[in-house]
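Protein sequence lines correspond, in order, to chains A, B, C and D.
Anchor point for the first sequence: position 383 equals 383 in the UniProt record's numbering, and the numbering is continuous, going up by one each time.
Anchor point for the second sequence: position 90 equals 90 in the UniProt record's numbering, and the numbering is continuous, going up by one each time.
Anchor point for the third sequence: position 113 equals 113 in the UniProt record's numbering, and the numbering is continuous, going up by one each time.
Anchor point for the fourth sequence: position 358 equals 358 in the UniProt record's numbering, and the numbering is continuous, going up by one each time.
Hints are computed from structural coordinates only; laboratory data are not their basis.
Here a beta-carbon is modelled for each residue, glycine too, at the ideal position from N, C-alpha and C.
Treat each hint with caution, since some may be false.
As the list claims (entries may be wrong) - For each label pair, taking beta carbons as the anchor points, the in silico distance ranges come out as:
1) D:His-246 <-> A:Gln-192: 51 to 59 Å
2) D:Glu-441 <-> B:Glu-239: 52 to 60 Å
3) A:Lys-275 <-> D:Asp-349: 33 to 41 Å
4) B:Lys-450 <-> A:Lys-214: 25 to 33 Å
5) D:Lys-75 <-> C:Met-180: 42 to 50 Å
There are 4 protein chains.
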Amino acid sequence: MKKQIKIATIGGGSSYTPELMEGFIKRYDELPISEIWLVDIEAGKEKLEIVGKLSQRMWDATPYKVKVFTTLNRKEALVGADFVTTQFRVGLLDARIKDERIPALHGMLGQETNGAGGIFKAFRTIPVIKEIVEDMKVLCPEAWLINFTNPSGIITEAVIKHFGWKNCIGLCNVPVNSMMSEPRIIGKDLSQLNYQFAGLNHFHWHKVFDEEGKEVTAQLIDHINEKDGGTPANIFEAEFSLELLHSMNLLPCGYHRYYYSEKEMLEHSLEDFRKGGTRAEQMKEVEAALFEVYKNPDLNKKPEELQKRGGAYYSDAACECISAIYNNKGIRMVVSTENNGAIPCLDSDSIVEISSIISAKGAEPIAWGKMESFEKGWLQLMKAMEECTITAALSGDYGMALQAFMVNPLVQKGSEAIEVLNELLVAHERYLPQFKEKIAELKKQGVESKDSVVVELMKNGY
Amino acid sequence: MKKQIKIATIGGGSSYTPELMEGFIKRYDELPISEIWLVDIEAGKEKLEIVGKLSQRMWDATPYKVKVFTTLNRKEALVGADFVTTQFRVGLLDARIKDERIPALHGMLGQETNGAGGIFKAFRTIPVIKEIVEDMKVLCPEAWLINFTNPSGIITEAVIKHFGWKNCIGLCNVPVNSMMSEPRIIGKDLSQLNYQFAGLNHFHWHKVFDEEGKEVTAQLIDHINEKDGGTPANIFEAEFSLELLHSMNLLPCGYHRYYYSEKEMLEHSLEDFRKGGTRAEQMKEVEAALFEVYKNPDLNKKPEELQKRGGAYYSDAACECISAIYNNKGIRMVVSTENNGAIPCLDSDSIVEISSIISAKGAEPIAWGKMESFEKGWLQLMKAMEECTITAALSGDYGMALQAFMVNPLVQKGSEAIEVLNELLVAHERYLPQFKEKIAELKKQGVESKDSVVVELMKNGY
Amino acid sequence: MKKQIKIATIGGGSSYTPELMEGFIKRYDELPISEIWLVDIEAGKEKLEIVGKLSQRMWDATPYKVKVFTTLNRKEALVGADFVTTQFRVGLLDARIKDERIPALHGMLGQETNGAGGIFKAFRTIPVIKEIVEDMKVLCPEAWLINFTNPSGIITEAVIKHFGWKNCIGLCNVPVNSMMSEPRIIGKDLSQLNYQFAGLNHFHWHKVFDEEGKEVTAQLIDHINEKDGGTPANIFEAEFSLELLHSMNLLPCGYHRYYYSEKEMLEHSLEDFRKGGTRAEQMKEVEAALFEVYKNPDLNKKPEELQKRGGAYYSDAACECISAIYNNKGIRMVVSTENNGAIPCLDSDSIVEISSIISAKGAEPIAWGKMESFEKGWLQLMKAMEECTITAALSGDYGMALQAFMVNPLVQKGSEAIEVLNELLVAHERYLPQFKEKIAELKKQGVESKDSVVVELMKNGY
Amino acid sequence: MKKQIKIATIGGGSSYTPELMEGFIKRYDELPISEIWLVDIEAGKEKLEIVGKLSQRMWDATPYKVKVFTTLNRKEALVGADFVTTQFRVGLLDARIKDERIPALHGMLGQETNGAGGIFKAFRTIPVIKEIVEDMKVLCPEAWLINFTNPSGIITEAVIKHFGWKNCIGLCNVPVNSMMSEPRIIGKDLSQLNYQFAGLNHFHWHKVFDEEGKEVTAQLIDHINEKDGGTPANIFEAEFSLELLHSMNLLPCGYHRYYYSEKEMLEHSLEDFRKGGTRAEQMKEVEAALFEVYKNPDLNKKPEELQKRGGAYYSDAACECISAIYNNKGIRMVVSTENNGAIPCLDSDSIVEISSIISAKGAEPIAWGKMESFEKGWLQLMKAMEECTITAALSGDYGMALQAFMVNPLVQKGSEAIEVLNELLVAHERYLPQFKEKIAELKKQGVESKDSVVVELMKNGY
């Protein structure tokens, strides 16, 4: 008999937690959890309490005896954990507001996962995830780290390649979204199709085959601009050029719109900004409303409202992945894991997002083989951006941060890009100990954000 | 409803055919075959008839209505076929006798799959498989070619990379043998273990993990020199050095004995030769006896005697592979397929033997990742040998044939190696149209084999 | 005694030809030329005559007996040629005007070598250079092709990799410019410094070492924004970020401004456009003036006016390269040649621009080794763009042309990029036989340029 | 004015030292040496004194004021050195006698650079060269290390890749030998030919072009089996197969005879052994005679007798290399240096032996490009052997030593190879501190060499 499972969830006060609970409840028969520890920081204490109580109510409404703990002491949660899931946001949504508003003020896309915003999210997160891994080495050295903190691919690369923690899998709901919506477009059931994904987090392509081995990618391309094609709710649906996609014969992910339709995406994002809000600010309102719902002491299941928010399937993917490891299932999932040659134009020890087999020994990527020039060039550029970002995040080297900006396709290159970099450094000072000296120097030079919302946030001790 | 299946088996007169029938019968419910066409050449006509009749009797003893056809006309068999299996031997066992006796006379290992003999088997087979693929392009352009003709990896590389037939999978029973025998050694069931294989045909390693993800490779290494460890019956069981294997932390295949214990294997093979027979000659006797059994009109199932012969599980692997394609199963099998980066130290378009997922779209290799120096060096050498062999087989270039010999680790390098090459060329003249001119030149120089058995075979017009 | 040399210059009517003559005259003692054939097309006949006469006058003013021929018959010029130089512009400067104006109208940089304009220059040139190589295979199969037609790297890749003409070297004056201006900045003579260049044409970096082996790259970076730093005259000198360059510790080429200061370069180019002219239109005026000077029957040397134009050192580099081959010099030059692994992150058979040794057997690139993430990502992206461009130019595949646009960092991605592509296709119809069908389709859909200057050019039968 | 040069020569008591002196004397005008320090160990003290006095007499016979110091204190010699040359033999010739006799007793080739003997020479040398590099980091951090201690490629890889000392160049006289003897075979002068070498130390190929760029490799192959073809004097001249070489169209190095004619080389070596001596024992006699000559107080130049010994040109190559660095010459030499992609089928950070440009900044390899299958396979295997050897030498890991043996093509694989490994470990105990524990274990098991000469050496405390 296998021992009962202890789960620790870092960033447990997240509004996504009820979905995670639902996923565990659904799988209790195969995944005998005994304890779930939700960890958060002081600033998130209130939310943590609300979510912790709702979570316990959800379990109490089932026949299973599972205890949900909440704590601000990460070490306590990690001791003896079997699976650690990470869904925290360093600096919370306020940090994302800055990530998006400061670039916008300069006419650029912040893009919180792959753009300037994503680079800063990595800068803030990597020092924290490093501490978590160091704790894990001592407190739960056999545990699996299931990461869904964004930028998920970059964080997973830091954990596996730089901190040497091999028992780590990165997750994202974007591939699941595609698989959930595409089959019906061509009158099929998911079980009838073979999906093959390869690329990087938020930058992957896929191809699809039917149960007779015939490729149906081209058919799906024809329908890609229709509503409900699997694009995450948070992405503006600029039209894809069908001629481009047919020429590649690959299905893009929703985030490719930022690259293939950069102009439209930029315009839409700036319009939103001018209309008075970035995506982060909208999210903040949505979150506030959700927590109001969570407080209801009669609520003992995942509320409908959560489903409507972006990020659906995220937590379900995490539960499925955990179960595949625990039960040695050998199922196929799309995860961020070590390349191992599966995408030969990227280094073998790079992290890629790819269709993999998940079993007790973790993820084994399925080899994709040669990428054509167009895909290859793009992938290699994006991986370079990820590498510069990690190197800068680890070293606090300003020149390297500049390199990350200057190789990022969503940053418009020139002196204004440097201004954006500088303002973001100053704005996030509190969460960027590695850049301390450079930030001091920038402040002495008078660098600061001119965005009123950011100014307000800074004033409030943030 | 899927259409009913037509199978064509090239080399259908082989003594292995009854096992293939048994495999199909066992799987009829998932693999609704309507016709099986056994093809052979004039010289194998008698055996073909015997096997054809036995095969039909085997089906007639079941509730299934399957018709077994025998023919010397390959085209007739291929028309509209869904799966083509290849198990032919160009020159039959007499050719193998030459492959083994001529090197032995010079104190070398012939080794019919990876040594000098294997190179010549490839030289004889590649022109024939080329014709088969050309026929298939016209007569059954959607069919799958399931190859088990040896040297299986080399033939599969010729088919996929050089003749451009992508719907091809190479099979071998060596990995199956390991998986059938190893689990019980450590008190496990195969279903509890995760196997990962990678390398080349008859030159691969594997590692094994249990259902909790713990590696058990080292445990299996400890027992590798025990009887019944999964080595094919035809290989002399020289002892492996446990210190070498633990240092690699990989399980070798049985054929690695030829490389890690070259001296012992050579001595054993030469002793056999002096005692009056090569492996090929023993096989010939076994085969003659088998066909006597097959003739029995009351026999309507696979006879016990076949099981004892080497090559067990071969045909079963073929049936399982066909079913996985037909039924889009997505199961894990070890096959020869395009590398696609799965073994990064080999070219992406090279054929490797590797754990793969088999579904309607064929084989997807699971990425293995970095090979350590020792394995990398060996693999790269062996792949070079395979490449030189194919290039020589396609072009008839003598210098390239010499390169294949001179890079083959089982050939002792020096002027005598050239003599072996020359004598084999002359001895196999009939099956080597591509080397016609060089052979004429060698004969003019008086090159001939001095081995009495070979002389006898040559006299008999073979 | 070596035979005397025949030179054929395709695009001989170019205003650069007098510089080429000067280079040959200077080197006559080591490069015994007997005949120079200037070839051009009907549309360039008048210029050809003017330049041909001036060239002959230049030789006649020397003690050397060299005959300059002018012809519209390319084959006549190629027969028995030893060196063929290419400096033609398909569509002349009018084509460049379109390359620059159409993107500008949509707010984009045309950039005639690496941007949308460069892609179209390749589309027009590749079919012509293919014919030239085909002629050479028959008429002068041992000749060397010294290419300075832009985009020089792309054209050289087409010639060597796709048309199989190995005796080809691509040249550019950008590296020479750096080497001519940088040494004095740090008080050195060129002969005291070791330069190492690597990258792609118009996209390479270099590092510099002094005579004691100490690296002086950082010193040169400090001065890079000063006047006269070696940037070609035609490039607006946006400031480089010293922090970025020091972080890379590499010196960029002048064209890197388009990438590192994309915004400033775009603004400057659009301002030029609004002020009434693109760079091409300015060039046209300069050219007209030059030809007036050339007509002077008393002029018998390269006029001062030519020096002031961009492109200095171009022809001198060509003469030096020819002499290095003819005299087996083994000197070091920066050329476009086959990579051969010198830049390991690019394919071995890709063309790169790199410090090489030039001798009778051509160019041997000096291995640069590992590129860091930032440079690697950029290089790989640019190579992908070049590859897509060549594939589209050879096949006339519209989807591939779209891929070239969508992977080009100077093209702003989105639906307007597709409009630019379409308008350029229609505008250059006459020179794009490979895209004939797509252009017909676009015209039927009403695609045309709205730029008045372009409309005017089209009206005039262009 | 450049400062005067201090040279330190580790293993200064070597019989080769007078050649080194001659080389420096010849180049004094370009290489203003002030001090030469000859370092050796206690056991070599007598030879050191003899060589030191001869060296000083050689300088005293010139107009140059150069002082030759002898010392047993390495640190004293290294302080402030500009160039350090290494030509020491750990264990002196007695160690080589063991390297050759022990394998021979088991019917194997010891081969002191690439065979079992070479592996052990590396095992003994790497710990010592590590100490030297550690001293240099402190005492002469800018100095160049010019290594000619064998196995030169392996030692250079350890120094550059593992000990991080980039200012290191490995030298060998094998390429020089070819260049000195081949040109006259085809009636040319060396200055008229372009040589391109690539591969590993004692395992490289070359191709040759004339002054018009025509390849003359095939012509040279035709004459390769003639006397005086450039094979080092110490290698038995088994015949090369011209058909093999023409098929490759590459010239091998003399050491390739061990691989392409392994059988003949083995037989010849065993005959020598049976006749009463290995190469090492012959060398010992030659050395003893040389030192008698050196003692002559009237001798003040390099004696004729030295020229006849193998290893000619070695020291001259070293002097030339030092001068090229000191004078920033930019000349072409064949050296062991970092690959940097020059041979794309090997890792970029591997050490290769290759035609390079030597200047003040060291060696820049000239990119060779794609290797064909045969050469690629061999090279990759040999590099794997080198890597296993270094890893074992650094770690003292017995399993890894076994891997080095089992991947070495000159070791006959099987249980006897393990015996050879074990006996060599025990025989060299004194010089293998890293294998201390394993050796103790082997001795406890009774492992010892049965060769009488070795037994004698061991008895004498050596």
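| field | Numbers of unmet hints, in rising order | value | 2, 3 and 4
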